[in-house]
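For the protein sequence lines, the chains are A and B, in the order given. The number in the numbering used here is simply the position in the first sequence, starting from 1, with 38 added. The number in the numbering used here is simply the position in the second sequence, starting from 1, with 2 added.
To be clear, the hints were calculated from the coordinates, so they are not data collected in a lab. Just so it is clear, CB atoms sit at the ideal spot from N, CA and C, and this is done for glycine as well. Fair warning: there could be bad hints in the mix.
[Stated by the list, open to error] Listed below are the simulated DSS-like cross-link pairs for lysine-lysine, each with C-alpha atoms no more than 30 Å apart in a straight line:
#, chain 1, residue 1, chain 2, residue 2
1, B, LYS155, B, LYS227
2, A, LYS49, B, LYS64
3, B, LYS131, A, LYS67
4, B, LYS231, B, LYS279
5, A, LYS296, B, LYS15
6, B, LYS182, A, LYS67
7, B, LYS64, B, LYS130
8, B, LYS157, A, LYS136
9, B, LYS157, B, LYS182
10, B, LYS120, A, LYS136
11, B, LYS157, B, LYS131
12, B, LYS111, A, LYS67
13, A, LYS62, B, LYS111
14, B, LYS120, B, LYS182
15, B, LYS15, A, LYS136
16, A, LYS296, A, LYS49
17, B, LYS130, A, LYS62
18, B, LYS64, B, LYS15
19, B, LYS130, A, LYS136
20, B, LYS111, B, LYS155
21, A, LYS49, B, LYS155
22, A, LYS296, A, LYS46
23, A, LYS136, B, LYS155
24, B, LYS131, B, LYS120
25, A, LYS136, B, LYS227
26, B, LYS182, B, LYS130
27, B, LYS157, A, LYS296
28, B, LYS157, B, LYS64
29, A, LYS136, B, LYS64
[Stated by the list, open to error] Coverage of chain A stretches by chain B, computed from C-beta distances (three or more under 8 Å per stretch; other residues unrestricted):
#, region
30, 139-146
31, 216-223
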Amino acid sequence: MWGMLYFKPCKITWRVWKVWRRNKDAFMKTYITNFIPPFLEPVLYLLALGFGLGIYIQKIDGVPYAAYIAPSLIAISMMYSGFFECTYGSYVRMYYQKTFDAIIATPVSLDEVIAGEILWGATKSAINASIMLIVITLFGLAAWPQSLLVIPLAFLAGLMFASIAMCCTALVPNIDSFNYPIFLLITPMFLFSGTFFPISVLPRPIQLISQIFLPLTHVVKVTRELTLGVVSWSTTPNLVWIAAACAIFPTLSVNLMKKRLIA
Amino acid sequence: MSYVVQAMNLTKKFGDFTAVDGINFQVNAGECFGFLGPNGAGKTTAIRMVCCASPKTSGELKVAGMDIDNHQSEIKALLGIVPQENNLDPDFTVCENLVVYARYFDIRKAEAEERAAKLLNRFELSDKKNAAIETLSSGMRRRLMIARALINKAKILILDEPTTGLDPQARHLIWDELRKLRREGISIILTTHYMEEAEELCDRLVIMNCGRIVTEGPPSSLIEKHVGKEVLEVEGNSEVLSYLQRNYSQLDFEATGSLIQVFAPELERLMNELLGKFEIKKAILRRTTLEDVFLKLTGRRLRE
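Start from the sequences and build out the full structure, keeping to the hints where you can.
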């Protein structure tokens with residue numbers, strides 16, 4: 039019963055790409071502006087934290103501090119791109135611009151609109167991660183060719199964060215309410231997912247919470263192994279966690295969205 | 003005669019509230035069909051079900067012979083929908099709005115660009131083709147909405163209050179276009195609370211009140227049936243009213259505030275009689291309109 043309410047399979051056709059293309063076309067109209075943040079962000083963070091603060095920090099697991107946080111910056115960007123695209127971005131299109139209403143007046147269904155939005159969130163994550171990867175490579179902090187796998191990982195992680203975001207968008211009463219998921223979920227992940235220091239230094243219960251519940255912990259772990267070039271089977275559980283989230287949240291978000299929009 | 007829309011016992015409930023209460027109507031191919039009614043009468047809910055935007059609670063609804071529950075994409079491919087609120091895409095220019103929208107209907111780019119150019123020309127928007135949506139006047143936005151609804155060569159055009167909030171020039175331009183489209187064989191369904199608009203455009207209409215259809219027919223026969231050809235309006239006091247009640251109780255009259263309306267044939271004699279007997283500030287003998295029918299059937303009570 040519960041499963042039928044919230045996990046009803048979605049009806050998706052290739053029309054989903056028409057929604058994706060609408061967002062891509064809108065994005066490309068201002069691409070220079072859109073490419074500035076993923077380009078400048080790692081530069082600023084690496085200079086301030088990696089090479090500034092990093093002078094005072096000893097190597098972590100045998101890795102200099104700048105090289106330790108470089109993959110975190112990419113992983114955080116995957117989270118931000120997927121999450122913000124499908125919270126504020128999707129909410130504005132849904133509520134203020136009525137873009138969803140306009141599209142579902144055509145043969146495209148609401149399932150496809152939501153799926154297209156999430157795929158676009160995943161794509162933005164991959165775009166931003168690619169740009170950051172270039173910057174980090176220029177700083178000499180990425181091992182090649184293993185680092186190239188960061189791009190497909192970014193798509194997958196973006197899919198996860200975008201669909202979690204879409205669940206929030208389906209549930210919030212208004213646009214200001216996004217403060218709740220941001221301060222209860224996104225900011226804690228930014229800080230406590232093994233991003234700027236290993237979670238092993240945290241008290242045991244917090245470590246467990248971070249490993250079990252915080253999606254970013256898993257993304258950071260995999261990204262770090264890729265950019266350091268030390269890929270091993272130890273990240274299998276992390277990849278399984280991400281894949282499971284990608285199986286659950288997109289379907290859940292489409293069902294929640296239908297409850298919100300179809301009356 | 004083939005029907006483009008057929009509704010039988012169509013019902014829509016929101017929780018305990020019944021917005022559309024078992025209505026029956028048919029729209030013939032090629033006609034302009036109107037839904038009239040005060041706010042909250044259920045017009046928008048009714049046409050939203052036809053547009054596949056809102057699932058019905060019960061009853062039957064077929065569009066172009068297809069059941070609404072099982073053929074939504076096929077039905078929507080035939081429809082051109084202009085909702086009450088404009089939802090043009092502010093991220094794109096005027097022309098891009100049409101081309102991007104065409105994509106949702108699986109129209110190839112070259113074809114879409116050709117159709118867009120023709121539609122912009124038809125709706126006098128060619129000069130604005132590279133303009134941002136926010137720079138358009140409300141009349142232009144409305145025209146662009148209609149142009150966009152036609153990008154798929156819609157067979158059935160559905161408009162929810164197409165001219166609300168427009169100035170008379172913009173309104174007449176839209177009326178002209180809608181008449182042309184009807185002549186080209188497109189079936190049109192619209193809701194409005196402008197009686198003039200309904201009289202100008204609709205071949206047939208229904209008047210809704212509280213979720214039900216209260217009457218149905220061509221505008222002229224509705225007028226004839228419910229209010230006759232003429233109405234006498236007298237601005238009079240209670241003396242006039244009681245005089246009418248005493249001597250003309252067989253006539254159909256209504257009093258609202260100081261205005262007394264008498265619906266009957268050959269009212270000139272009565273008007274002269276009243277003018278002779280009482281000191282009356284104003285008395286008008288005029289042709290009846292659809293508005294008289296509307297107010298008679300749905301009452302004068304304010305709806306909010």
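A quick look at each hint next to the structure:
no.	hint	verdict
1	B:LYS155 / B:LYS227	violated, 37 Å
2	A:LYS49 / B:LYS64	holds, 22 Å
3	B:LYS131 / A:LYS67	holds, 16 Å
4	B:LYS231 / B:LYS279	holds, 25 Å
5	A:LYS296 / B:LYS15	holds, 17 Å
6	B:LYS182 / A:LYS67	violated, 36 Å
7	B:LYS64 / B:LYS130	violated, 38 Å
8	B:LYS157 / A:LYS136	holds, 24 Å
9	B:LYS157 / B:LYS182	holds, 14 Å
10	B:LYS120 / A:LYS136	holds, 26 Å
11	B:LYS157 / B:LYS131	holds, 25 Å
12	B:LYS111 / A:LYS67	holds, 18 Å
13	A:LYS62 / B:LYS111	holds, 16 Å
14	B:LYS120 / B:LYS182	holds, 15 Å
15	B:LYS15 / A:LYS136	holds, 24 Å
16	A:LYS296 / A:LYS49	holds, 12 Å
17	B:LYS130 / A:LYS62	holds, 24 Å
18	B:LYS64 / B:LYS15	holds, 19 Å
19	B:LYS130 / A:LYS136	holds, 22 Å
20	B:LYS111 / B:LYS155	holds, 15 Å
21	A:LYS49 / B:LYS155	holds, 26 Å
22	A:LYS296 / A:LYS46	holds, 11 Å
23	A:LYS136 / B:LYS155	holds, 23 Å
24	B:LYS131 / B:LYS120	holds, 11 Å
25	A:LYS136 / B:LYS227	violated, 42 Å
26	B:LYS182 / B:LYS130	holds, 23 Å
27	B:LYS157 / A:LYS296	holds, 28 Å
28	B:LYS157 / B:LYS64	holds, 15 Å
29	A:LYS136 / B:LYS64	holds, 27 Å
30	139-146	holds (count 8)
31	216-223	violated (count 0)
In summary, the numbered hints that this structure violates are 1, 6, 7, 25, 31.
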